[in-house]
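Chemist: So the chains spell out like this:
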Amino acid sequence: MTSSKQIVVIDDEADMCWVLDRLMRHRGYDVATATSGELGLRLLQENAAALAIIDCKLPDRDGLDIAADALRLQPQLELILISGFPFAEESALRKRVQELHAHFLAKPFEVTDLAHLVEQILATQTDA
Amino acid sequence: MGKGEHLISSFTKGDYERLFLGLFNTTRASVLIFDRRLHVLAANRNFLVKSRRTEEDTLGARLEEVFPSVLINYIGLTEKVRTAFKDSLFSSEGQMTYRAPGVPLRIYYYVLAPVSDEYGATSFVMLLMYDITEEQRLSGEVQRAERHLASVVQSAGDLVISLDPEERILSWNPAAERISQYRWDEILHRPLHSLCTEESQELVQRAVRRIVHGGPPESLEADLVTREGQRVPVAWALSGMQGEGGTVTAIVGAGRDLTLRRQLEAQMIQSAKMSSLGVMAGGIAHEIRNPLGICSAASQLMLESGDDRELMLECARRIHENIKRAALVIENLLKFARPPAEQYVPVDLNRIIEESLLLISNQARNQHIRINFVADPELPHIMANGNLLQQVFTNLLLNACHAMPEGGDVEVGLSQRDDWVTIKFSDTGQGIKTEEISRIFDPFYTTRPVGQGTGLGLPISYSIVRQHGGHIKVDSVVGKGSIFTISLPVHQTGVQHDIFQTDRRH
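From first to last, the protein sequence lines stand for chains A and B. Read left to right, the first sequence gives residues 133 to 260 (our numbering). Read left to right, the second sequence gives residues 88 to 593 (our numbering).
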């Protein structure tokens with residue numbers, strides 16, 4: 133596992149940012165976090181991140197819009213979207229997630245699932 | 088002409104004759120005098136007029152020729168006159184109905200009196216007939232009216248009572264007996280307020296006093312306490328009964344048992360609440376899943392922390408914080424869902440508004456709605472049902488969010504003037520069309536698609552505000568936004584103010 137793999141976490145929950153930062157760091161990744169969409173986009177512009185983990189609901193802008201913007205900035209970027217979304221919006225949400233070629237995890241999620249997903253994504257990216 | 092004890096001694100025989108004729112022809116009674124053969128010896132003017140007879144065909148006529156035989160047989164008139172001749176002490180009285188030709192039936196009270204000579208033998212028999220048709224008719228009507236009224240009062244489903252000017256119970260109908268479980272004779276002369284709940288006693292006493300002092304009818308809600316100690320909500324209409332000279336001699340009260348209405352209202356409030364809950368469910372799920380997500384991730388991090396005690400403690404701290412957060416969301420949710428308590432207590436509107444804002448905060452955040460509310464620590468506590476008011480505020484805030492699908496601003500303002508507190512909810516939403524404004528408080532009126540609004544939110548808010556003695560009004564401009572203004576009376580005594588002053592700090 134190379135140390136150059138950077139992950140950007142965008143979640144308005146500071147606690148979530150902290151936990152994900154620690155978990156990913158523990159697994160040898162380089163992590164940067166942001167608690168709003170705009171801050172997150174700035175981070176992505178400044179760093180050549182391989183993966184962004186984005187919460188769908190952000191205080192300033194829709195997390196999915198941020199994801200779309202991020203892809204425009206950096207088409208190689210891999211995306212994991214996380215959300216505590218209620219059932220009603222789920223099918224529409226899934227559709228947009230697919231359009232972005234992103235992965236999706238519902239809150240609360242298993243850390244092992246997330247870690248596994250991250251590992252898988254970053255491994256395929258290296259292979260590519 | 089009797090023994091003359093009651094007569095004026097200076098009268099001459101001529102005086103007596105004139106006196107007799109004067110009385111004979113001016114008395115209201117119809118008078119006939121019979122001789123021993125039962126022939127008419129004399130008939131006064133009144134008799135002739137009422138029976139449509141002339142002097143010629145009456146004087147000297149036999150009794151049977153003057154009265155119809157049905158009447159004679161029915162009251163046994165011939166027999167009675169004969170008896171009067173035999174027994175000078177005999178007298179008879181009673182009622183007779185008599186129809187003279189071409190005249191409506193009349194009712195007479197008659198007296199049959201023998202007039203005896205100086206030896207005690209009956210020389211004439213006098214028949215005096217008093218026309219009591221009018222009196223009979225009137226008293227019959229009065230009786231019928233009384234019976235009718237009494238049966239209305241007796242069979243009424245509502246409480247119908249009367250009080251003396253000292254507020255003591257004079258009458259208490261069967262509905263009042265049934266509802267209060269007190270028999271009429273048990274509560275006779277007890278003051279009405281002594282049967283009411285403590286909170287409403289003064290209200291009743293004051294209303295009665297105002298009526299006694301000539302005030303207009305009063306309507307008020309005062310709960311009765313039944314024999315079993317249950318509270319029965321009753322809506323009363325009290326009004327004064329004026330005697331001669333305009334003084335109030337009694338107070339009549341009609342009371343309606345509101346138990347069923349209250350139950351229906353409570354059900355309606357509950358169902359509207361459930362529909363609000365449905366609208367909020369999505370937001371609430373998100374609100375709980377977020378802290379759950381953190382707890383879950385942090386606990387897994389904890390498992391991985393190995394010997395890193397610092398990290399472990401930090402994880403535990405954050406897990407604890409987020410569990411508290413989720414618990415608070417659930418607590419607020421339950422507070423909102425709880426059936427309303429009946430009691431009014433002093434409440435802090437600042438706190439109720441803050442709780443309502445907390446409930447809808449996620450909904451607002453999702454829709455990019457900014458909420459501006461500055462608490463007013465100087466605001467007095469008001470007598471209210473906090474749960475119900477929270478339902479009103481939450482509903483108005485949800486409506487505001489609904490009016491701003493593209494985001495916007497909500498401002499909640501508080502102000503106080505005299506004994507009234509005003510809460511203003513302004514949004515920058517779509518606004519309400521002029522033709523819709525008059526209907527927004529109608530039950531089941533909704534502009535939302537089927538399944539997205541019950542049309543009960545605003546009518547119930549309206550009813551809750553009215554229950555608190557307040558008003559709700561709306562100003563709206565299409566495309567600019569709406570302002571809902573709620574005014575509530577403070578209804579607060581200095582004592583309560585002092586007690587709850589300290590409460591405000593937390």
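A couple of the hints might just be wrong.
Taking lysine-lysine and the BS3-like style, the derived pairs with C-alpha atoms no more than 30 Å apart in a straight line are [to be verified]:
no.: 1; chain 1: B; residue 1: 567; chain 2: B; residue 2: 520
no.: 2; chain 1: B; residue 1: 567; chain 2: B; residue 2: 511
no.: 3; chain 1: B; residue 1: 173; chain 2: A; residue 2: 189
no.: 4; chain 1: B; residue 1: 411; chain 2: A; residue 2: 189
no.: 5; chain 1: B; residue 1: 173; chain 2: B; residue 2: 100
no.: 6; chain 1: B; residue 1: 137; chain 2: B; residue 2: 167
Source of the hints: derived by calculation from the structure; they are not laboratory data.
Chemist: Look at each hint and say if it fits the structure.
Modeler: Now for the hints, and whether the structure bears them out:
no.	hint	in the structure
1	567/B <-> 520/B	11 Å, holds
2	567/B <-> 511/B	16 Å, holds
3	173/B <-> 189/A	120 Å, violated
4	411/B <-> 189/A	22 Å, holds
5	173/B <-> 100/B	28 Å, holds
6	137/B <-> 167/B	23 Å, holds
Checked against the numbered hints listed earlier, the structure breaks hint 3 alone; every other hint is satisfied.
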